[in-house]
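S.K.: Take the sequences, apply the hints, and build the full model.
Order-wise, the sequence lines are chains A and B.
Residue numbering for the first sequence follows my numbering, starting at 1 and increasing by one per position.
Residue numbering for the second sequence follows my numbering, starting at 149 and increasing by one per position.
Hint data in this document are derived by calculation from the structure and do not stem from the laboratory.
Beta carbons: idealized from backbone N, C-alpha and C, even for Gly.
Honestly, I wouldn't trust all of these hints.
To be verified - Once the Cα atoms are required to be at most 30 Å apart in a straight line, the calculated DSBU-like pairs of lysine-lysine come out as:
#  : chain 1 : residue 1 : chain 2 : residue 2
1  : B       : LYS299    : A       : LYS146
2  : B       : LYS320    : B       : LYS290
3  : B       : LYS290    : B       : LYS254
4  : A       : LYS58     : A       : LYS129
5  : B       : LYS318    : B       : LYS299
6  : B       : LYS299    : B       : LYS320
7  : A       : LYS142    : A       : LYS128
8  : A       : LYS142    : B       : LYS320
9  : A       : LYS128    : A       : LYS56
10 : B       : LYS318    : B       : LYS290
11 : B       : LYS165    : A       : LYS128
12 : B       : LYS165    : A       : LYS129
Stated by the list, open to error - Chain A side only, calculated, beta carbon under 10 Å to chain B, not exhaustive:
#  : residue
13 : ILE45
14 : GLY90
15 : ALA94
16 : ARG96
17 : ALA103
18 : VAL113
19 : ASP120
20 : GLY127
21 : GLN145
To be verified - Going by beta-carbon spacing under 8 Å, a handful of chain B positions derived as facing chain A:
#  : residue
22 : MET149
23 : PHE150
24 : LEU153
25 : SER300
Each chain, written out:
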Amino acid sequence: MLRYLRGRAGPDADDLASETWISAAQGLGGFLGGGDDFRAWLFTIARHRLIDQRRKAKRRPPASSMDDATTELPALDPSPEEVVAAASGGDEAARRIANLLPADQADVILLRVVGGLSVDEVAAIMGKKPGTVRVLQSRGLKRLQKYL
Amino acid sequence: MFEGLSPEVDALLNAAKADLPTAQADAGLLEAMTLALSVDALAPTQTPASRRRPMLGKVLTAKAAAIAGVLVLTGGVASAATGTLPDPAQNAASHAVEHVGLHIPKSDDNDAADTDTDTKDANEENGNETTTTVEHPDNHGKDVSTVAHDKSTTGEDHGTAVCTVASEGKCKAGADEKTDDHSGQGGNSADHRQDGDHEHEDEQTTSTTTVTPTTQHEDGGGHHGGDDSGSHSSDD
Numbered sequence: 001m002l003r004y005l006r007g008r009a010g011p012d013a014d015d016l017a018s019e020t021w022i023s024a025a026q027g028l029g030g031f032l033g034g035g036d037d038f039r040a041w042l043f044t045i046a047r048h049r050l051i052d053q054r055r056k057a058k059r060r061p062p063a064s065s066m067d068d069a070t071t072e073l074p075a076l077d078p079s080p081e082e083v084v085a086a087a088s089g090g091d092e093a094a095r096r097i098a099n100l101l102p103a104d105q106a107d108v109i110l111l112r113v114v115g116g117l118s119v120d121e122v123a124a125i126m127g128k129k130p131g132t133v134r135v136l137q138s139r140g141l142k143r144l145q146k147y148l
Numbered sequence: 149m150f151e152g153l154s155p156e157v158d159a160l161l162n163a164a165k166a167d168l169p170t171a172q173a174d175a176g177l178l179e180a181m182t183l184a185l186s187v188d189a190l191a192p193t194q195t196p197a198s199r200r201r202p203m204l205g206k207v208l209t210a211k212a213a214a215i216a217g218v219l220v221l222t223g224g225v226a227s228a229a230t231g232t233l234p235d236p237a238q239n240a241a242s243h244a245v246e247h248v249g250l251h252i253p254k255s256d257d258n259d260a261a262d263t264d265t266d267t268k269d270a271n272e273e274n275g276n277e278t279t280t281t282v283e284h285p286d287n288h289g290k291d292v293s294t295v296a297h298d299k300s301t302t303g304e305d306h307g308t309a310v311c312t313v314a315s316e317g318k319c320k321a322g323a324d325e326k327t328d329d330h331s332g333q334g335g336n337s338a339d340h341r342q343d344g345d346h347e348h349e350d351e352q353t354t355s356t357t358t359v360t361p362t363t364q365h366e367d368g369g370g371h372h373g374g375d376d377s378g379s380h381s382s383d384d
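M.R.: Spelled out as structure tokens, the structure:
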């Protein structure tokens with residue numbers, strides 16, 4: 001869960017993980033199910049916290065032009081070797097996937113790979129149909145093959 | 149998991165799921181965590197539920213108390229109004245509603261009312277004025293009816309007595325026939341008397357009724373005659 005959040009939220013992942021666990025502890029009384037259900041439920045909470053964090057970020061005042069110039073540098077297309085080398089760490093690989101893919105596709109790939117969840121579980125977490133999840137997964141993989 | 153991927157994508161995906169804690173795939177450990185968290189989180193998770201149920205209970209209790217209070221008040225006021233409460237409760241209810249302008253008889257009012265009625269009857273039998281009984285507004289109709297049905301007086305005296313009681317002493321029925329200014333009131337008092345005596349006063353009723361229109365006619369005729377004569381004379 002923490003790797004999923006690090007891939008999707010970057011430096012705010014630890015805070016989101018803390019909020020996720022707090023929410024899980026508060027709502028654990030109403031949870032029914034086994035280990036797999038608990039994992040899917042935990043990722044559902046984590047994704048909701050992530051969405052809330054994105055909404056809060058949108059309401060923040062925009063940064064100055066100097067900050068944008070210093071923080072956003074033009075990205076060069078890395079070679080496959082550089083990609084693999086950069087993704088030697090699990091968190092870096094997850095972050096790379098999230099950076100290369102749109103949000104929905106990154107969610108599907110990370111939940112499937114990092115979370116180890118099935119298509120149906122990912123569909124339940126994202127509130128989409130399993131067919132839609134399969135389409136997003138296929139498009140995400142094609143996009144990764146295109147960029148790598 | 150995925151087939152037909154390029155080596156780069158496969159390496160990236162494998163790297164993404166590498167070094168994951170083994171506990172993540174251990175369902176038994178997750179179940180143990182779930183159980184432990186459920187035990188630890190039992191108290192904080194019960195707080196919202198325990199706060200909702202008493203809230204619902206409070207609302208229901210408040211509604212039940214309000215309904216019970218309305219029923220008790222309604223029944224109590226009704227019982228107090230009819231004077232059927234026990235004496236201490238009747239006195240307390242009477243004292244309480246006096247502040248809001250309502251009159252509920254006290255426990256000794258029934259006895260007092262009976263005593264007043266007896267006294268009034270005795271006074272009427274002795275020919276005394278019954279205006280003192282008019283001071284009780286609740287018994288005004290009863291007083292008027294009693295005087296109207298009293299057979300100790302007849303004729304003008306009876307009508308005057310009824311009129312006096314009915315108008316709370318403001319009636320001038322005795323002076324009407326002398327001045328002829330308010331012949332209608334004299335007729336009305338006679339009508340009151342007529343209502344009180346259906347059998348024995350027919351002749352007097354007829355005579356009074358006959359006299360009254362005559363008086364009115366004389367008054368009106370006099371005025372109209374004067375006007376008419378004046379107009380005719382002016383026309384002529």
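S.K.: Check each numbered hint from earlier against the structure, then list the numbers of those it violates in ascending order.
M.R.: 1, 8, 13, 17, 19, 20, 25
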